[in-house]
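Just so you know, full-length UniProt numbering puts the end of the sequence shown at 473, numbered straight through with nothing missing.
Incorrect hints may have been included.
[To be verified] No more than 16 Å apart at the CA atoms, straight line, and that leaves these computed lysine to aspartate or glutamate pairs for EDC-like:
#1 133 x 255
#2 238 x 255
#3 300 x 6
It should be emphasised that the hints constitute simulated quantities derived from the structure, not laboratory data.
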Amino acid sequence: MKYQNDLIVIGAGSGGLVVASGAAALGARVTLIEKEKMGGDCLNSGCVPSKSFLKGAHLAKEMKDADQFGIHSTIESIEIGELMHRVHGVIDQIAPHDSIERYEGLGVSVVIGEAKIKSKHEVVVGSKTLTAKNIVVSTGSKPYIPKIKGLDQVSYLTNLNIFEMNHTPKHLIVLGAGPIGLELGQGFRHLGVEVTMIDQSKSLFTKDDNEVGPLMEKVLLKDGVQLLLNSKIIEIIKENEAIKVIVEKDNNRIEIIGDELLVALGRIPNTQDLGLEEIGVKLNARGYIQTNKKLQTHVKNIYACGDVVGPYQFTHMAGYQAGLVIRNAIFHLGSKVNYYNVPWTTYTKPEVAHVGYTEQTAKELNLFKKTIHVPLESNDRAKAENDVIGFLKLIIGKKGTLIGATLVGEKAGEMIPIASLAIQQKLKPNVFMNIIFSYPTESEIFKTASLQLLRDSFKPWKANLLKKILFKK
Numbered sequence: 001m002k003y004q005n006d007l008i009v010i011g012a013g014s015g016g017l018v019v020a021s022g023a024a025a026l027g028a029r030v031t032l033i034e035k036e037k038m039g040g041d042c043l044n045s046g047c048v049p050s051k052s053f054l055k056g057a058h059l060a061k062e063m064k065d066a067d068q069f070g071i072h073s074t075i076e077s078i079e080i081g082e083l084m085h086r087v088h089g090v091i092d093q094i095a096p097h098d099s100i101e102r103y104e105g106l107g108v109s110v111v112i113g114e115a116k117i118k119s120k121h122e123v124v125v126g127s128k129t130l131t132a133k134n135i136v137v138s139t140g141s142k143p144y145i146p147k148i149k150g151l152d153q154v155s156y157l158t159n160l161n162i163f164e165m166n167h168t169p170k171h172l173i174v175l176g177a178g179p180i181g182l183e184l185g186q187g188f189r190h191l192g193v194e195v196t197m198i199d200q201s202k203s204l205f206t207k208d209d210n211e212v213g214p215l216m217e218k219v220l221l222k223d224g225v226q227l228l229l230n231s232k233i234i235e236i237i238k239e240n241e242a243i244k245v246i247v248e249k250d251n252n253r254i255e256i257i258g259d260e261l262l263v264a265l266g267r268i269p270n271t272q273d274l275g276l277e278e279i280g281v282k283l284n285a286r287g288y289i290q291t292n293k294k295l296q297t298h299v300k301n302i303y304a305c306g307d308v309v310g311p312y313q314f315t316h317m318a319g320y321q322a323g324l325v326i327r328n329a330i331f332h333l334g335s336k337v338n339y340y341n342v343p344w345t346t347y348t349k350p351e352v353a354h355v356g357y358t359e360q361t362a363k364e365l366n367l368f369k370k371t372i373h374v375p376l377e378s379n380d381r382a383k384a385e386n387d388v389i390g391f392l393k394l395i396i397g398k399k400g401t402l403i404g405a406t407l408v409g410e411k412a413g414e415m416i417p418i419a420s421l422a423i424q425q426k427l428k429p430n431v432f433m434n435i436i437f438s439y440p441t442e443s444e445i446f447k448t449a450s451l452q453l454l455r456d457s458f459k460p461w462k463a464n465l466l467k468k469i470l471f472k473k
């Protein structure tokens, strides 16, 4: 059977764009289908706008803290509308990179409309039926909106509409203390907004190293964020222009009243109304597409990547999976996913970055040998800039190689690739001693860690023996 396309890609977010452009560059006939905006969540309502917003928010925090450097100033006003205008300006700057025009210039046929998979080789968009040898589903995810009593009776924010805000709220109530809730909640607090954060977990940063949560809880409390952890949301009530959230904590009922509500309780995959299950593509209980390690679904010529697959909903994860899809769908190489060396960063202030195993996971898997812990306050650059809150923690496996790293600091996200490379290459931490780091930089903390490991391994008998050999009379 002859097909119109070698590949149909559904979804023009991070994963779909990589698959489409990569396959087209290799000479494949590719059609890319998108029902909303090119660039997906990352460009329009995720990574790009949130980081642009956080730059302004953290700048306000730095201005308030400038007295310690002898700079005395007063912030006359904070205009959220102007900040959000800049946020959209940044989106507009990046949008051409993900535009229809650019992708058509790369040889991709772009169709705007809602796709429905009719068979394993057919996709319907409006009145059109398109055919392809292989199909890739990369339709992303959306905010999870739980069934909470009264939630449907109030206006609430998610990452989809919060960057449209043009006024400064007095009190923002944040439901959820995951990455989105933490970043935006702290950001609004830095802008002078009263913020209350509610989460059912007993601690923050539950997917990160155990040392992160208590440290960041202190940071947020010092910032003035009100934290209600280990709390259950009972009801939401609209009272005139206010929103009341009733919470149960330690068998007590607590009422929080604010004027804006942000729902940041996780995300769910966009797998509805695609016709997936009708043609044999299986979903798990949470709606994610089930794939094998080659990212094939139960229908072998249909692949999936990005947020619809998981297990990590990151732009860089979607890009990684997209590369595997190209290798497998076009070249049939049988490449398999490996999620061991996936880095992530939560863009709070300070940032929290991680890659590989945490200490607790390494111990559970019987891979753990020891840790190296270096406080950021030991670093000269951190002292110079008074950014001393944080630490580097390296996890060393039984073979002596680096198997995990957690980094908390102002530049953590920029530095974690140093650990990623070492883990990927199965290197021992002493490799950092062979690198000449610029001085003063926070990245020198890796060299400090390797020197600490050397000192720890230098037993007294070794020192005595070396002394006798080198300094004998």
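Subject >> Pair hint outcome, residue 300 versus residue 6 [Cα-Cα no greater than 16 Å] >> reply: Holds, at about 15 Å.
Original post:
Holds or violated: residue 238 with residue 255, Cα cutoff 16 Å?
Top reply: Holds: residue 238 and residue 255 sit about 12 Å apart, inside 16 Å.
**OP:** Could you grab the alpha-carbon distance between residue 133 and residue 255 and see if it respects the 16 Å cut-off?
**Re:** Not OK: residue 133 and residue 255 at ~57 Å, beyond 16 Å, violated.
In this structure, only the earlier hint numbered 1 is contradicted, and the remaining ones agree with it.
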